[in-house]
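Asks: Sequence:
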Amino acid sequence: MMLRILILALTLFGFGTQALAAPPSNVLLRPIELDTGSGTLYGSLVLPKSDKPVPVVLIIAGSGPTDRDGNNPIGGRNDALKKLAWRLAQSNIASVRFDKRGIAQSQPAGPDEQKLNFDQYVSDAVAWGEKLKSDPRFGKVFVLGHSEGAMIASLAAPQIGAAGVVSIAGTGRPVGVLLREQLQRNHLPPALLKRSFELISSLEAGKTDDKVPKDLQVIFRPSVQPYMISLLRHDPAAAFAALKMPAMIIQGTHDIQVEVKDARLLKAAKPDAVLTLINGMNHVMRIVPMDMKRQVQSYNDPNQRLAGELGDRTVRFITKVNAGQPYSTAHNGR
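Positions -21 to -1, 1 to 313 (mature numbering (1 follows the signal peptide of the UniProt record, and there is no 0)) are the ones given, in order, by the sequence shown.
Everything labelled a hint here was simulated from the structure, so no lab data went into it. Mixed in with the good hints there might be a few duds.
Claimed, not checked - Below are the EDC-like pairs computed for lysine to aspartate or glutamate, each with C-alpha atoms no more than 16 Å apart in a straight line:
1) 223 x 177
2) 173 x 194
3) 190 x 177
4) 112 x 12
As the list claims (entries may be wrong) - Estimated spans, in silico, between C-beta atoms of each pair:
5) 29 x 221: 28 to 34 Å
6) 90 x 295: 26 to 32 Å
7) 186 x 305: 43 to 49 Å
Keep in mind it's a predicted model, so treat the numbers as computed, not measured. Note that CB positions come from ideal geometry on N, CA and C, so glycine has one too.
Required output: the full structure, derived from the provided sequences and hints.
Replies: Structural data, given as C-alpha cells:
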C-alpha cells in the first residue's frame, strides 16, 4: 500500500475527471481561465450571489494528475475539493480551483515531463492570485492548498499578498525525507533500497542519474528527475515559517499519506498558526476508520460527505481574518 501511495503521489501526468452536478442554489458556477503566456490554465469559479465584494479562496490541488475537483485517474474520483468549494460558497466565500499544467483541461499547457518544474506551479498560483486581486467582485484573497498544494500555497502566498493561508494535509518534512521513510517501510530488497537512497541523494544535490533499476523506474525515471530536483530543494516547514499572514493547519488523524507529526512540525515552524486536528479524517477529507479497505474506497466515492469540522473550521478562520478579527492559537484543535 505504501508503494501504491508513493506511486500515486509521484505520477505526474494524466487526465482527471470533471464530475457534473448542480451547484448550491445561492451561488453561481462559472468557468474561469488564465492566460499564462505559455499556455492557458482552466478552472472553476464558485461565486456567492452578493451586492458587495466577497472573500475568495484560491484552491490548489495536490500532487500528480489530481484535477481541480480533487480527482485523480489513479486514485479515483472523490470530488473533495469541489465539495469544499461549495461549502465555502454557502458561507458567502467565493473560490477558484484550477487544473494545473498538464492536467485535465489544462493538459495542453503542460510541457514534456522532462521540462516540468515545481517552481512553475508556484508561478502559476501567483498569477491566479494576481488575477483574483484585480477582480472587483472579490475582496481579500486567501490561498488554500491540499497535500503538495499546501507547499505551493505557502510559497505563493507572500508573492500574492494573500490575507491568509490554509494548509490541509500538508507535509512538514522535505520530500526527500518522506521518500526515504516510505521506501524503507515498503521493505524493498536491500540492494534496491540502497540504490533508491543514492538516487534521492543525487537529486537533492541537483544531479540527475540515468542508471535507474527497472523496479525503480516508476518513481525515479530519468524524465521525472528534473521535476524531482526542483521539488526536493524546498523545505515545506521553512516555507510555512516565512509566512507573515495568518495561517491555519488542518490535518486528519486517519490520513494514511500525511502524518499528524507533519502538522505539528508546521505548527512548530510558525507558532502563531492555528492547528486543527480532525479526529478520524483521512487524506481525502472524509471521516473513515483506519481500515485499509474503507480508506481505499473513500478515495473513489464522490457521494461520501466531507468531514463537517473541516468546512466549519475553514469558514470560521476565513471569516474572522476577512473581518480583521484575531484568530489566535486559542482556537487550536487537539
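Asks: Give a verdict on every hint.
Replies: Verification of the hints:
1. 223 x 177: The hint is violated at about 37 Å.
2. 173 x 194: Given that 16 Å is the threshold and the Cα spacing comes to 13 Å, the pair holds.
3. 190 x 177: holds (11 Å)
4. 112 x 12: holds (15 Å)
5. 29 x 221: 28 to 34 Å: holds (33 Å)
6. 90 x 295: 26 to 32 Å: violated (40 Å)
7. 186 x 305: 43 to 49 Å: Distance hint for residue 186, residue 305 holds at roughly 47 Å.
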